[in-house]
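Chemist: Residue numbers (numbering that gives the first Met the number 0): 0 to 140.
If you're looking for bench data, these hints aren't it; they were derived computationally from the structure. As the structure is a computational prediction, the values presented were derived from the model and not from experiment. Don't take each hint at face value.
With a straight-line cut-off of 27 Å between C-alpha atoms, the simulated DSSO-like cross-links for lysine-lysine are [unchecked claim]:
hint : residue 1 : residue 2
1    : K139      : K37
2    : K79       : K68
3    : K8        : K79
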Amino acid sequence: MRAILPQAKMLLDAGVFYPSAAVVDGWAASNTFHAENKPVLARIVRAWIEANDMLLARTNESLGIVHEKYHPNVPACDIKEQFGATRVFPTAVWRRLYGNGTITESLQQVTDFYASATKIQNPVPAAQYFDPSIFLSVAKG
Numbered sequence: 000m001r002a003i004l005p006q007a008k009m010l011l012d013a014g015v016f017y018p019s020a021a022v023v024d025g026w027a028a029s030n031t032f033h034a035e036n037k038p039v040l041a042r043i044v045r046a047w048i049e050a051n052d053m054l055l056a057r058t059n060e061s062l063g064i065v066h067e068k069y070h071p072n073v074p075a076c077d078i079k080e081q082f083g084a085t086r087v088f089p090t091a092v093w094r095r096l097y098g099n100g101t102i103t104e105s106l107q108q109v110t111d112f113y114a115s116a117t118k119i120q121n122p123v124p125a126a127q128y129f130d131p132s133i134f135l136s137v138a139k140g
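Start from the sequences and build out the full structure, keeping to the hints where you can.
Modeler: Laid out in structure tokens, this is it:
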């Protein structure tokens, strides 16, 4: 927050480590919910696609909404700076990354890190807990 710490300096841009050290975000559902509510999950994906596409097509408007409705105490310039530090892809790129296994590989890196750092025995592989099929069925392209 530049307003609070104007003297702060960026020490490192983590983007130089992308994609080998990507921070992965996503949605989670219990196995039961996933099995019984695929139409609901598809609606969530459709809404996310609409929001993602708006964020890319009308960035200033989208960030204004984020600022006004969800983070009014964060200066708008900080929200824009934070957005500038993230990688946001068009839906077609996400579709490719879901379809070619890149997202599964990134999730596996996260799993491997936590399994190693916390000594988790027999962690579930990402290919077993990650289901790209709902996104791929919704994000036609």
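Chemist: Would you list, in rising numerical order, the hints stated earlier that this structure does not obey?
Modeler: none
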